[in-house]
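Colleague: What follows is each chain in one-letter form.
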Amino acid sequence: MVQQAPPINHALEDIKEHHRTSTGQSHRKVLMWTFLGSECMFFGSLIATFLIYHNNVASGPNREHAFESLFLVSVMAFVLLASSFTMVLALAAARRGDQKMMRAWLLLTAFCGLFFIGSQGYEFYHFTHEGLTPHASLFGASFMILTGFHGAHVTLGILWLVSVAVLVRLHPKKDHRPIMASMLPKFLGFLAGVPKREPGAPIEARPRHRRFMTFAREQTLAPPPPVLAKDASIEQFEAHHLAEEKVLNVELVGLYWHFVDIVWVVIFTVVYLFR
Amino acid sequence: MATIAGGMKGRSILRRPTGTEGIWGWITTVDAKRIGVLYGVTALIFFIAGGLEALIMRVQLASPEQNITSPETFNQLFTMHGTTMVFLVIMPLNAAFFNFVMPLQIGARDVAFPRLNALSYWLFLFGGLFLHVSFIAAGPPDAGWFSYANLTERPFSPENGIDYWILSLQLLGVASVLSSLNFIVTIINLRAKGMSFMRLPVFVWMTFVVAFLLVLAMPVITIGLVLLMFDRFTGTSFFIPSGGGDPVLWQHLFWVFGHPEVYVLILPPMGMVSEILPVFSRKPLFGYKFVVLAGIFIGVTGFTVWSHHMFSVGLGPIANTYFATATFLVGVPTGVKIFNWIATLYKGKLTFETPMLFALAFVALFTIGGISGVMHASPPTDLQQTDTYFIVAHFHYVLFGGAIFGMMGGLYYWFPKVTGRMLNETLGKLHFWFMFIGANLAFFPMHFSGMAGMPRRIYTYDSDLGVGWLNMISTVGALIMGASFLFLVYNILHSLKKGKAAGNDPWDGHTLEWSVSSPPPIHNYDEIPTVRSNRPYWDQKHPELAEHGVPPPPPAPRKNKHIALPSPSYWPIVLAAGMTIAAFGALYHETILPVLPIGLSIAVIATYAWVLEPPIAKQAEGHH
Ligand SMILES: [Cu+2]
Numbered sequence: 001m002v003q004q005a006p007p008i009n010h011a012l013e014d015i016k017e018h019h020r021t022s023t024g025q026s027h028r029k030v031l032m033w034t035f036l037g038s039e040c041m042f043f044g045s046l047i048a049t050f051l052i053y054h055n056n057v058a059s060g061p062n063r064e065h066a067f068e069s070l071f072l073v074s075v076m077a078f079v080l081l082a083s084s085f086t087m088v089l090a091l092a093a094a095r096r097g098d099q100k101m102m103r104a105w106l107l108l109t110a111f112c113g114l115f116f117i118g119s120q121g122y123e124f125y126h127f128t129h130e131g132l133t134p135h136a137s138l139f140g141a142s143f144m145i146l147t148g149f150h151g152a153h154v155t156l157g158i159l160w161l162v163s164v165a166v167l168v169r170l171h172p173k174k175d176h177r178p179i180m181a182s183m184l185p186k187f188l189g190f191l192a193g194v195p196k197r198e199p200g201a202p203i204e205a206r207p208r209h210r211r212f213m214t215f216a217r218e219q220t221l222a223p224p225p226p227v228l229a230k231d232a233s234i235e236q237f238e239a240h241h242l243a244e245e246k247v248l249n250v251e252l253v254g255l256y257w258h259f260v261d262i263v264w265v266v267i268f269t270v271v272y273l274f275r
Numbered sequence: 276m277a278t279i280a281g282g283m284k285g286r287s288i289l290r291r292p293t294g295t296e297g298i299w300g301w302i303t304t305v306d307a308k309r310i311g312v313l314y315g316v317t318a319l320i321f322f323i324a325g326g327l328e329a330l331i332m333r334v335q336l337a338s339p340e341q342n343i344t345s346p347e348t349f350n351q352l353f354t355m356h357g358t359t360m361v362f363l364v365i366m367p368l369n370a371a372f373f374n375f376v377m378p379l380q381i382g383a384r385d386v387a388f389p390r391l392n393a394l395s396y397w398l399f400l401f402g403g404l405f406l407h408v409s410f411i412a413a414g415p416p417d418a419g420w421f422s423y424a425n426l427t428e429r430p431f432s433p434e435n436g437i438d439y440w441i442l443s444l445q446l447l448g449v450a451s452v453l454s455s456l457n458f459i460v461t462i463i464n465l466r467a468k469g470m471s472f473m474r475l476p477v478f479v480w481m482t483f484v485v486a487f488l489l490v491l492a493m494p495v496i497t498i499g500l501v502l503l504m505f506d507r508f509t510g511t512s513f514f515i516p517s518g519g520g521d522p523v524l525w526q527h528l529f530w531v532f533g534h535p536e537v538y539v540l541i542l543p544p545m546g547m548v549s550e551i552l553p554v555f556s557r558k559p560l561f562g563y564k565f566v567v568l569a570g571i572f573i574g575v576t577g578f579t580v581w582s583h584h585m586f587s588v589g590l591g592p593i594a595n596t597y598f599a600t601a602t603f604l605v606g607v608p609t610g611v612k613i614f615n616w617i618a619t620l621y622k623g624k625l626t627f628e629t630p631m632l633f634a635l636a637f638v639a640l641f642t643i644g645g646i647s648g649v650m651h652a653s654p655p656t657d658l659q660q661t662d663t664y665f666i667v668a669h670f671h672y673v674l675f676g677g678a679i680f681g682m683m684g685g686l687y688y689w690f691p692k693v694t695g696r697m698l699n700e701t702l703g704k705l706h707f708w709f710m711f712i713g714a715n716l717a718f719f720p721m722h723f724s725g726m727a728g729m730p731r732r733i734y735t736y737d738s739d740l741g742v743g744w745l746n747m748i749s750t751v752g753a754l755i756m757g758a759s760f761l762f763l764v765y766n767i768l769h770s771l772k773k774g775k776a777a778g779n780d781p782w783d784g785h786t787l788e789w790s791v792s793s794p795p796p797i798h799n800y801d802e803i804p805t806v807r808s809n810r811p812y813w814d815q816k817h818p819e820l821a822e823h824g825v826p827p828p829p830p831a832p833r834k835n836k837h838i839a840l841p842s843p844s845y846w847p848i849v850l851a852a853g854m855t856i857a858a859f860g861a862l863y864h865e866t867i868l869p870v871l872p873i874g875l876s877i878a879v880i881a882t883y884a885w886v887l888e889p890p891i892a893k894q895a896e897g898h899h
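In order, the protein sequence lines correspond to chains A and B.
Here the working numbering is used: position 4 in the first sequence is 4, and no number is missing along the way.
Here the working numbering is used: position 464 in the second sequence is 739, and no number is missing along the way.
Bear in mind the hints are in silico, worked out from the structure with no lab data behind them.
A couple of the hints might just be wrong.
Covered stretches of chain A, going by a simulated chain B footprint (3 or more residues, C-beta under 8 Å) [as the list claims (entries may be wrong)]:
id : segment
1  : 26-39
2  : 50-63
3  : 125-138
The structure displayed is predicted, hence computed values, not measured ones.
We put the beta carbon where it would ideally sit given N, CA and C, even for glycine.
Required output: the full structure, derived from the provided sequences and hints.
Modeller: Below is the structure:
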């Protein structure tokens, strides 16, 4: 007896072909790794410039004097490294489909970054008072450009983290409007005191100030299946792919954030610890 | 017929651009083939500008002690000529071929990030225009294409020309890093089934190597330019000796970028020639693996030889010895390539259509430039030759005799694929011979005028130097060379309307791009082919001669095939415009109008709009 092969699901094959990559890795992930390679040369050039000019103190304070106390910068380094840990937790939460914790960890990571930037601002202010400015000496200039560019990277990372925390919804919502389009009427309605739903809907029971926050309070649903079954339907395939893409949004900002952290480890060692 | 989704209609937060027709179709396009055409046309227009600048200089130098241009104008001319030819002609012409040919050759429908690709083009265009605005606004930059510090510092160059140069290069740098990242991901991730790395066409390999070179080299000059900007705008003194700075640091930062940059210019034409020679010899490329490995080796060593541009700085015997040795070493893989090309010709059934003529001339002229290059890889010889016309002769043999000849070969070779029409052979041959004779007349005598002591970058010279007649020959050659491009322009305009129909495969090609119609459909392939060898299309045509087993016939296109294509988008051009406006803002930061914040705001808004719009508009996916 010859068994009839099941008919090929052409539509599914087309979608699979559309998403196929030669390595199995997503385009965006390969892009991010390559980009970080480029960034290595960027920071490498800045660090080289610093090493060339670090003894050029002219009339400004020298290294020993400027970096007399390493207390603040050590705390900064600790907080930034700790934020790599919260970033990992955010990704883990995203992987298990836990929207609430993903958001919480992402925002905490961003908060650590904010602390870092704030401290760096204070440090710059302090150095300026001590006479260590870009104009005082090339030591000051190369130090401030190096740490300043790192700070700019951290700032960009904070923006990115917050954007991901706000925009990434791990679970499909019924409302397919883009988030900005759906948030704005919600917010205006909230200001005007318009009831959000028909009376009787359970969500109405909440006080008004919490109604607005509903956009950030989604149910934790069962995560999408981590491995796609061989006989998956188109809907299952697309849902799986979409879920992977959403987790990838978190993973990408994580890669960037870890990189910025590692760069700080190098800067901390080269700039502050080497004497 | 398969349904092609995307590319047509759709709606996002704002209305998504609709249609691919007309000027808006070009402005919002994300199709790599169209972006390739945009790169090509733009680069050819900049080529005219850069070429005219060269001709004015040649006329000024035709005989000694002339005063057709002032010394100041002459400085501006050679600066703009060099910058234009490197950043606005050769690099984007290469990008044109990368965009059009590479996805087709690997069996992809597009690049990995179509909108990013569009952004790269618009940034390149705006960066190029930005540089040329300096003609009206400030007087063009005048410190040479490598703009050595501390001539470029505010006390010595108070005008804004240098600032235009710096910011334009920053924009162009972002553009080429983004496009290179895009090409890397495309080649890693979008190869057809069976297209392993050792089956990639050599041109794709060279694209890959060049993309890595740019991704790793561009950040270095970016930092150099940033430091220079701080010096000029905020009064630091990174490159000013009186403030403790070191001008040699600029030279290091520039040449760590600058030497790989030379390979960025020459490796893609090497790839094109490696495609053309086998096709017109009716043979496979001799030693494919060696050609590829040599290309990789050249790319890697490109980062270890930069100080051979700085022997006259006096870095000391140890540094000089190292950089000289490393530079000699680069000659080995380059020689490997040249011998492989020659061996490809050996016992081939050669035919001499225009692309082949250009490819052969490439091998000959590039070899001359390579040999003179090895000569000044030796520090004692270099000290004699540096800053003379000998160096000018050397890099024009490499970059004109090499890069431009190779790319003209590529242009004649792939023009039928791009337009569906052949370029006229007679006009093509006239173009070739005028260009070949003109180039040699122009550049060969420079070896001798250089050896006789004629320095670079001077607006005139003493008649006692005895190089007047050599310069006259160079000028005549340059004019012939300039005239040759009239044949090209006429040929293109003529052939676009009246050229012979090309058909899919006018040259009996080896690689996949010849298997589709000319011009190719927007989605490139109805069915993505499966690859079994280095010459997938040739094997399909001649299965009895296939080296790696008979490939299966290409699958018949299925009726209900659904191909999703990325939708056009406004945001790439808006983002590029925002960044360019920000660059103007940085330049005129003392004006009351907050140009810089406006530009940055546009860029930020465009970025978010870009992220929030799906790559494929929802509505476009609807019709199955
Ligand atoms: Cu070099």
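Colleague: In terms of beta carbon proximity below 8 Å, does the segment 26-39 of chain A have 3 or more residues touching chain B?
Modeller: n = 8 at 8 Å, threshold three: holds.
Colleague: Do at least three Cβ atoms from the segment 50-63 of chain A come closer than 8 Å to Cβ atoms of chain B?
Modeller: holds (count 4)
Colleague: If you look at each residue in the segment 125-138 of chain A, do at least three have a Cβ nearer than 8 Å to any Cβ of chain B?
Modeller: holds (count 4)
Figure legend: structure checked against the earlier numbered hints; every hint is met.
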